[in-house]
Amino acid sequence: GENVEQHPSTLSVQEGDSAVIKCTYSDSASNYFPWYKQELGKRPQLIIDIRSNVGEKKDQRIAVTLNKTAKHFSLHITETQPEDSAVYFCAASLGGTSYGKLTFGQGTILTVHP
Amino acid sequence: DTAVSQTPKYLVTQMGNDKSIKCEQNLGHDTMYWYKQDSKKFLKIMFSYNNKELIINETVPNRFSPKSPDKAHLNLHINSLELGDSAVYFCASSQEDRNYEQYFGPGTRLTVT
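Top to bottom, those sequences are chains S and Z. Residue numbers for the first sequence, in our numbering: 3 to 116. Residue numbers for the second sequence, in our numbering: 23 to 135.
No lab work stands behind these hints: they were computed from the structure. A virtual CB, placed ideally from N, CA and C, is assigned to each residue, including glycine. One or more hints might be untrue.
[To be verified] Some, not all, of what chain Z presents toward chain S, calculated at C-beta under 7 Å: (1) A25; (2) F64; (3) N72; (4) G129.
Bound conformation, chain Z alone (with noise of 0.2 Å):
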C-alpha cells in the first residue's frame, strides 16, 4: 500500500535516447511534482500540476514534458537525453486542505552514459 510510488527505481541509457519516468499516488491528494537532485545532493523542483493542470513550471529545458493523465498520476519524458541530466528524480504529492504537506516516492535514479 504504497503512497506514493515512481517506475523504474534506475534507468541507465546513453545520450540522445528518449525516456520516461512513471509516478503514481494513492493517497487522493490533488497536486503533484517532480523535483531533481543532482549529485550534490540539492532538491529542486521542476514542475507541478495541479488536478492535472500544470502550475508550476521551473526554467527547465523543454526537453523535459511532464504528463498528468489523472490526478493520481504524473510522468516525466525526457526526450534527447544528455550527460547532465543524470541525478535521481524524485515525485511528490501533497493536498491543499492538508496545507500541502508533501509526501516524496523513492525516487529514480538516473544515469546517462
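Same shape as in the complex, but just chain S (with noise of 0.2 Å):
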C-alpha cells in the first residue's frame, strides 16, 4: 500500500521567516496531495491541494509543488506568522480507485515565534 513519509518532524522558525515542509510517496499512482493544518485540539483543515497534473499551487502565503518523477511534494508558507503555529500533515491517495482513501505523514509541528 501506499506509504508517506514526511520532514521535518518538528519546524521552528521566527516570524516572517519561510518554513519548508517535505514529504515523499512510494505508490506512482496517487493522484491527489492535499495539505492539512492541526491546531491544538482542533480538527484537521484543508488548507491547499494539488493533483498530479499540476507542478505548483499557490493561494497567499502557502504554495505546494510536486514531483512526480521523484515523488515528493512540499509547502511552502512564506511571510510566517505566530498564527501559523500547528502540526501540519501531508498526505496522498489514489483519488476516485481508492474513494478518496488518504495515506498521511506523520505531521510536523511548526512553532513560529513572534
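Put the two chains together into one complex, using the hints given.
Listed below in C-alpha cells is the structure:
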C-alpha cells in the first residue's frame, strides 16, 4: 500500500521567515496530495491541495510543489505568523480508485516565534 | 450549520465496556470515513463507506464495527474497550464529483481507564 514520509517532525522559525515541509510517497499511481493544518485540540483542516497534473499551486502565503518523477511534494509558507503555529500533515490518495482514501504523513509541528 | 459533526466530544469509560460514537454530515457527500489519531498525532484510516456500503476496512480489530444507516450518518461501535483504544477518533466526508476533498468532524477523544 501507499506509504508517506514527512520531514521534519518539528520546525521552529522566527516570525516573517519561510517554512518548508517535505513529503515523499511510494505509490506512483497516487494523484491527489492535500495538506492539512491541525491546531491544538481541533480538527484537521484542508489548507491547500495539488493534483498530479499540476506542478505547483499557490494560495496567498502558502504554496505546494509536486515532483511526480521523484515522488515528492512540499509545502511552502512565506512570511510566517504566530497563528501559523500548528501541526501540518501531508497526505496522498489514489483518488477515485480508492474512494479518496488518504494516507497521511507523520506530521510536522511548526512553531512560529514572535 | 456545522458541516460534519460528531457526538460525543469526550468519552471516558472503563476497560471492557462497549461504546458508540456518532457522525453526521450535512454536505450531501456520498463517502464517509473514520480515522484514528493516536497519542503521537498519527492519523490512520480505519473505515470508509460509500452510499452506505463498506468500501475500505483497514486492519482494525473486529471489536470495531461501523454502521451507516444512511449516507449522511456513519457511526462507530466499539466492543470490549481496551487501554490501547484511547485516541481521538475523527469522522470525515467527501464527494466523488469534488475529487474526494475530505472534511473532518471535530473529533471524539476516547479515554479508556
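Status of each hint after checking the structure:
1. A25: violated (10 Å)
2. F64: holds (6 Å)
3. N72: OK, holds: N72 of chain Z within 7 Å of chain S, min 5 Å.
4. G129: Check passed: Cβ of G129 of chain Z comes within 6 Å of chain S, closer than 7 Å.
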